[in-house]
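Number of protein chains: 2
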Amino acid sequence: MTFRDKLDQAIDRHQSLLCVGLDPDPAKIPASLAKEANPVLTFNREIIAATADQACAFKPNFAFFGSLGPAGWPTLEQTLAAIPAHVPVILDAKVGDIGNTAEHYARMFLDRLGADALTVNPYMGRDAVLPFLARQDRGVFLLCLTSNPGAADFETEVLAGGGERLYERVARQAAAWNTHGNCGLVVGATRPEAMAELRQLAGDMPFLIPGVGAQGGDLRAAVEGGRDRAGRGAIVNVSRGVMYAGQGADFADAARRAAEAMRQEINQYRG
Amino acid sequence: MTFRDKLDQAIDRHQSLLCVGLDPDPAKIPASLAKEANPVLTFNREIIAATADQACAFKPNFAFFGSLGPAGWPTLEQTLAAIPAHVPVILDAKVGDIGNTAEHYARMFLDRLGADALTVNPYMGRDAVLPFLARQDRGVFLLCLTSNPGAADFETEVLAGGGERLYERVARQAAAWNTHGNCGLVVGATRPEAMAELRQLAGDMPFLIPGVGAQGGDLRAAVEGGRDRAGRGAIVNVSRGVMYAGQGADFADAARRAAEAMRQEINQYRG
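Each protein sequence line maps, in turn, to chains U and P.
If you read the first sequence in my numbering, its first letter stands for residue 1, the second for the next number, and so on.
If you read the second sequence in my numbering, its first letter stands for residue 1, the second for the next number, and so on.
Each hint can be trusted.
Note that identical chains are pooled: a pair holds if it fits in a single copy or bridges any two copies.
Think about it this way: if two alpha-carbon atoms lie no more than 25 Å apart in a straight line, the pair counts; the simulated SDA-like pairs of lysine to any residue are:
(1) Lys28 <-> Thr42
(2) Lys28 <-> Leu130
(3) Lys28 <-> Glu103
(4) Lys28 <-> Asp127
(5) Lys28 <-> Pro149
(6) Lys28 <-> Ala252
(7) Lys28 <-> Arg112
(8) Lys35 <-> Gly246
(9) Lys35 <-> Asp250
(10) Lys28 <-> Ala134
(11) Lys35 <-> Gln78
(12) Lys28 <-> Glu260
(13) Lys28 <-> Gln247
(14) Lys28 <-> Leu80
(15) Lys28 <-> Asn100
(16) Lys28 <-> Arg107
(17) Lys28 <-> Leu110
(18) Lys35 <-> Ala252
(19) Lys28 <-> Asp111
No lab work stands behind these hints: they were computed from the structure.
Same shape as in the complex, but just chain U (with noise of 0.2 Å):
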């Protein structure tokens, strides 16, 4: 199965366009886990199992393993296998190195950790890209515009001979990379005059979007410009407003209230 079925299914049957991010970070773990053994673990796979049912993937973001050390590696591998079999992992990582290296990123990301899909960053190019769309099981979520203030950096910026954006560039070139189905593209929501356009350019590919919640990005924009004609293909990421909806020993509870609040609410807006 591609990840795009594997995408689709899950939307289908969670009825969700809600991506829960992994951004577990030891500083803001509910102090009621700092007894057990690997009290991240246990956060994720609390947060895993209250949330699954309401989300159509999961984007575990790989530098809060690494930061954990040696125990980032068996953390993360560990926080993977408690995701249910049906709902895809889109591992955000955000590479970006020449052909060779490339593979060897996508043996880390798509062999060893078993990710459905991956972030990867343009900059460098087509050898950069295309190691990881010639999986063609796998996804790819290429940085197209991004959530963060420093997009106004180059991302934005105009190029010369016709007026079009580099993010807007980047977008096309995808799409025309795109020869397997399997690329996709990361547009914050914090632009949502960008959305529609970007759709308009990149046909039913997905979009991952960051940046609603703690970046204030406009919710109800970010879906109706993202949606596809299906009504899918618009993939709101939330990490921080589901994973630290509260602090207490009903976390989890929180969580999962956290999640349905925000799955109904883009679906109200899916059409």
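Given chain U, put chain P in place with the hints provided.
This is chain P only, laid out in the frame that chain U set:
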């Protein structure tokens, strides 16, 4: 001591602008090491011991450790421990993510692994870069003009209003962000015409120069164009050309000879 001081001291002590890249691929490791408990680690240690006094830095690429799976972290840690304390480590992971996440990459690569410098992807702009530059004793090499064919997809695009190219904008922005004097640039040897021009834009920022050897760049043009006013600043990285110089049981001698020859050739062009 800052990264720049440590780098300059290693350059002077070893009379070398050669950075030895550590890209240990299990499929390419000499057969004579097959029976070692950890062939990759033994290989790395032998390469390091044979080349350390020929080098001004080592550059391990994280992908080649990550692709080892659970063995990756301890192998990388022990590889780093084998590098003499006076030779700086440039960890090549090409990270780039929002500020909150960048801080976790800083913990991973700079605190946990103790790297002296890190490669960073500029696509997401300032909040993906500044958390690393804020570590004043550590170095950052920002991807600018890379040595791979895909550099022609986005990096060399001309921006509207003045004819500046994207990689030139990155260099100019990096110079503006470099308030602590700890920023450098990755500039491929494959575009010698750009090297001297970037040196003008970048003042005395160090350049990390990939693309000689396997990728076919012009060494003389790279060093003559990239060196700074003190005849330093053009750090030429060679990975495969040193590590895999020999495949026999004498692979370490072969690596040393390759490193020494490269060091001497670079020095001819330092002026």
